[in-house]
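Chains A and B supply the protein sequences, listed in that same order. Letter by letter, the first sequence follows residues -11 to 464 of the working numbering. Letter by letter, the second sequence follows residues 419 to 918 of the working numbering.
Please keep in mind that the hints were generated in silico from the structure rather than gathered at the bench. These numbers were taken from a predicted model, which means no experiment stands behind them. Ideal placement from N, C-alpha and C gives every residue a C-beta, glycine not left out. Where hints are given, some of them may not hold.
A short list of chain B residues far from chain A (calculated; beta carbon distances all over 10 Å) [to be verified]: (1) Thr427; (2) Gly446; (3) Leu479; (4) Trp487; (5) Ser489; (6) Ile553; (7) Glu560; (8) Gly571; (9) Ile572; (10) Leu587; (11) Asn605; (12) Asp614; (13) Ile701; (14) Gly791; (15) Asn876; (16) Ser907.
Below, a list of computed lysine-lysine pairs in the DSBU-like style, where the Cα atoms sit at most 30 Å apart [to be verified]: (17) A:Lys347 to B:Lys853; (18) A:Lys347 to B:Lys584; (19) A:Lys128 to A:Lys139; (20) B:Lys484 to B:Lys584; (21) A:Lys347 to B:Lys579.
Partial list, derived from the structure: chain A residues whose beta carbon lies under 10 Å from chain B [said to hold, decoys possible]: (22) Gln183; (23) Leu185; (24) Gly186; (25) His306; (26) His373; (27) Ile392; (28) Ile409; (29) Gly442; (30) Asp450.
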Amino acid sequence: MIELFYIPEVILSIGVLLIIILDLYLQKHKYISFSLIQLLLVIASLYALTEVPQQNYSSYEFSEFTSLIKFLLILGAIIIFQYTYSHLNHLNSLKIEYFTISILGLVGTMVMISAYSLLMLYLGIELLSLALYALIGFNKHSGLSSEAAIKYYVLGAMSSGILLFGISLIYGFTGSINYFDIADQIRNINSNSVQYLGIIFGIIFITASLCFKFGAAPFHIWVPDIYQGSLISTTILLSTLPKIAVFIVFLKLYFIPFMALEYVWSDILIFIGIASIIIGSIFALTQENIKRLLAYSAISNIGFIILAMALVSNDGLHASLYYTIVYSFTALASFGVVTHITSNSHGIEDISDLAGLSKTHPYYAILILITMLSSAGIPPLIGFHAKLMVIQALINNSYILLSIIVVLMTVVSAYYYLRVIKTVYFEERENLISTYTSSNILLSINVILLLGLGIFPFILFDTTNFLVNLLTVISI
Amino acid sequence: MFDYPILSTLIWLPIFVGLILVASNDIGKSLSTTITLLTTLIILIISIKLFQSYDHSVGNLQFIEKFVWISGLNIFYYLAVDGISVSLVLLTSFINFLIAIYASSEDYNNKSSYLGYFLILEGLLMGTFSAFDSILFYIFFESLLIPLFLIIGIWGGENRKYATIKFFLYTFFGSVLMLISIIYLANLADSFAIEDFYYLTLSFEEEIFLLLAFLIGFGIKVPMWPVHTWLPDAHVEAPTSGSVILASVLLKVGGYGMIRFLLPITTEAGIYLSDYMIYLSLIAIIYISFVAFAQEDMKKLIAYSSVAHMGFVTMGIFLVFNLMGNNPTAAAIGLEGAMVQMISHGLISAALFFCIGIMYKHSHSRLIKDNFGVAQFMPIFSFMMVFFLMANSGLPGTSGFVGEFLVITSSLGSSFLFGFLAALSLILSASYSLKLGKNVLFGDNQKNSQGYLECKSNEKIVLGSLVIFVLYLGISPDVLFNLLDKSVSDIISSISLGRA
């Protein structure tokens, strides 16, 4: 039993509860609680790294793969909290609850990643969703924020219902909720039986629900509203940690229990991927609000990830994992920059608020330049390599037409990234922009890595290659 | 041989210095000017050394630097040069040095960033001309857009936002199609090295698609006739040095790419479609010349003239397809003509854009009607400008003549009509060049209130050295031929490789 305390999830949960109590006595010294939270995360990340992989597990997986992904997630959370802390501090709405709730969401993502049975998966997703409902509605002075919270709550609850329905179908027709057992059952199934039909329905319901959580088209309608309504720091969280977790859930679900029905879900996912890329690219063109713009950009990025994964090939898997990490990293950078710029007490809302930034704050202008070019997939930045890998995987699997659609959409999306750069660099305006720090080391490192990893892409490439190899080990 | 990686130095030194200049954010004007002058001078010296130590009697690829870059994807950091690359590397470093001299007396806001972007651009151009791994080539090719986008967008004219976005999206569109072709080829060849593509046996349909993709990609960059509309806009809005580098070096990237990719890889399809591509080039030569004649904006006039002159380049390249079967000598002449035309146009268009920039400083207008009687106030300048206009119209004795003459000769080997139509250009280009000269330099100067002043010494150096090189290449083009001969025949022989 003592081993239980070495699991980062447990450490985090217990630590958070302690911090909530401690915080009651430290109302005047919030930075102490905040430092404790960051310390807790660092400790948890170390535990994640040193976690001993186990060979036998039934409903909860401990492997090298999951611990590495958890480590990445905690690292992401540390960076996000750092951005969030200064942002909330600046807005005078710093509450330690924000971080404790976020950590509970983080635990939810970790449960999702380790889940090896459908019920565990559901628990993880619910834990994450509950945290997100609270975080989205955190800005209680804003009508948009409350609207977003209610919207996300209603839709999220419905999608959880759909997920549960899918799970019960799978359970009903295979008699198990464990991934391995389901895989066994599906492998030996007769394709003319009722069972077969039921399982396919189950898979489709689960796919729909997960795509909702992922924010992929055609289940994307909530994304722009929720991104716009929540605080920018919540938006960073929304667009990184849950996406990574849902992506890993996708990988594990489709490549372990549902692998034998690959011919069923692969086409569905290809459609969802392409639809997300097209909708994300085209709808972003007319957006004026920067959070909505980034929301649509997230949708099209999710499309790339799903599309690469749907190829069911080794290079596709690698490309999707690589893309996920690059995407999260770029999202951290681009939202991170925006958190540091304010044009009024509420922060940046519209793209036009950024006009003339290059004159007054050349440092932030360069950061925006790099992140936008990387998102647009212009070499030599890291975003290019990610797109390159996806397109290469498409071509290697003879999806030439799809690859042409994808690159044309890249050109379309380049337009709105360029529009941001244009506003920052080429437009002048009576300037109301202020930034609350002249520079930020963490943010700079984050952004410069987009360039550095682009010039030395093999660093990240080898890492993800290692991860993919681990993954194929577990899926066999 | 040198004990340092000469090509990597050519690429990374300017990029490194450029990044420092951009990051330093407006250090003093004189300091940044000095740093830029020094860097471009060093690069010029290194590229002259490269030229001297390049053994043109051997041909092939020399100064090879090849390391694994991304092992899993089989991508190499693979640099090398042949004669074609060396000539373009020389052009790049020379033009950038001139830009640095020209900019030394100019005043821009945030000059260090301005010069920094030019240095980055120079390094990326060097990389484009010396990369022999297709992905590396693509990365340099595509990265070129970033500094140019910023140069035009930040320091450009009134309508710069429209022009930059148009320019960026046009070229980005072309290059992504090219990216797909590269990946497709690499998938077949199991390697990203360009020369490995030459040995592939492709089906006819595959070749047609690849040819179209490459044609769109490089054709937009050149630019060829129906996709040229971004160029006049970009030129008009760009600051003088931006126009210079755009016309003289960036357009050459398109021609260079055609020679590297289109000719050797998609030969069968090229032979099948060559007539149509030659028609496109002829439209560029003749129709665009008329368009140029109708322009009222000096920069637009020269921009259209660039499109027309680049028509000779593409024509020389496509003639290779047409002639290779029955007349390989004429094919080689055509290709060599295209190369000479590229270098010569690089010098002449640079000179003309410098001239317009100098006039603009005094009159603050690019319109022909606002500039007149310049010769009376700026005699030396006017002499040189007349010389460049003559060279632009292909006057024998200038480099402008050599390239066009070679291409016309080669086209006569294919069909009389092609030769005749191409030769019309000599009349057409003379007409718009002389019109510009007559109206601007010698027009009525009674109403003149602009107060032109003879150009400064650094501007005289820039224009004077261009005069020398235009004359030198016109009188003894051998130096270029020696450099190119072997590499051109290498290209021609790799074409027959692909056919076997």
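We went through each hint and held it up to the structure:
Here B:Thr427 stays apart from chain A, with its beta-carbon at least about 17 Å from theirs, past the 10 Å limit. Consistency note on B:Gly446: stated as away from chain A, and its beta-carbon is indeed over 10 Å from all of that chain's, at 16 Å minimum. Look at B:Leu479: its CB is around 23 Å from the nearest CB on chain A, clear of 10 Å, so calling it non-interface holds up. A beta-carbon of chain A comes within 10 Å of the beta-carbon of B:Trp487; the shortest separation is about 7 Å.
For B:Ser489, the requirement that its beta carbon stay farther than 10 Å from each beta carbon of chain A is not met, with the minimum near 7 Å. The beta carbon of B:Ile553 sits about 7 Å from the closest Cβ of chain A, which is not more than 10 Å, so the claim that it is off the interface is violated. For B:Glu560, the shortest C-beta to C-beta distance to chain A comes to about 5 Å, within the 10 Å cut-off, and the non-interface label is violated. Not every Cβ of chain A is farther than 10 Å from the Cβ of B:Gly571; the closest lies at roughly 5 Å, contradicting the non-interface assignment.
Taking the minimum C-beta to C-beta distance to chain A, about 6 Å, the non-interface status of B:Ile572 is violated against the 10 Å cut. The beta carbon of B:Leu587 sits about 6 Å from the closest Cβ of chain A, which is not more than 10 Å, so the claim that it is off the interface is violated. Chain A draws B:Asn605 into its interface by the beta-carbon criterion, the shortest separation being 5 Å against a cut-off of 10 Å. The claim that B:Asp614 lies off the interface holds: its Cβ sits roughly 16 Å from the closest Cβ of chain A, which is beyond the 10 Å cut-off.
Against the 10 Å criterion, B:Ile701 stays outside the reach of chain A, whose nearest CB is about 26 Å from its own CB. At roughly 36 Å, the least C-beta separation between B:Gly791 and chain A is larger than 10 Å, which holds for a residue marked as non-interface. At roughly 28 Å from the closest C-beta of chain A, the C-beta of B:Asn876 stays outside 10 Å, upholding its exclusion from the interface. Non-interface status of B:Ser907 relative to chain A is upheld: no Cβ of that chain comes within 10 Å, the nearest being about 33 Å off.
For the given pair, A:Lys347 sits about 42 Å from B:Lys853 by alpha-carbon distance, which is inconsistent with the 30 Å threshold. Between the alpha carbons of A:Lys347 and B:Lys584 the distance comes to roughly 24 Å, so the proposed pair stays at or under 30 Å and holds. Under the criterion of a C-alpha separation no larger than 30 Å, the hint pairing A:Lys128 with A:Lys139 is consistent with the structure, at around 15 Å. A C-alpha spacing of about 36 Å is found between B:Lys484 and B:Lys584, which places the hinted pair above 30 Å, so the restraint is violated.
With a C-alpha separation of about 17 Å, the suggested pair A:Lys347 and B:Lys579 falls inside the 30 Å cut-off, and the hint holds. About 40 Å separates the beta-carbon of A:Gln183 from the nearest beta-carbon of chain B, more than 10 Å, and the hint is not met. Look at A:Leu185: its Cβ only gets to about 38 Å from chain B, farther than 10 Å, so that hint breaks. This hint is violated: A:Gly186 has a C-beta 40 Å from the nearest C-beta of chain B, more than the 10 Å allowed.
Proximity of A:His306 to chain B holds as hinted, the smallest CB-CB distance being about 8 Å (cut-off 10 Å). For A:His373, the suggested interface contact is upheld, since its CB lies about 8 Å from the closest CB of chain B, less than 10 Å. Checking A:Ile392 against chain B: minimum C-beta separation of about 6 Å stays under 10 Å; hint holds. The interface hint given for A:Ile409 holds, since its Cβ lies 8 Å from the closest Cβ of chain B, which is under the 10 Å cut-off.
For A:Gly442, the interface hint holds, since its Cβ comes within 10 Å of a Cβ in chain B; the closest pair sits about 9 Å apart. Proximity of A:Asp450 to chain B holds as hinted, the smallest CB-CB distance being about 7 Å (cut-off 10 Å).
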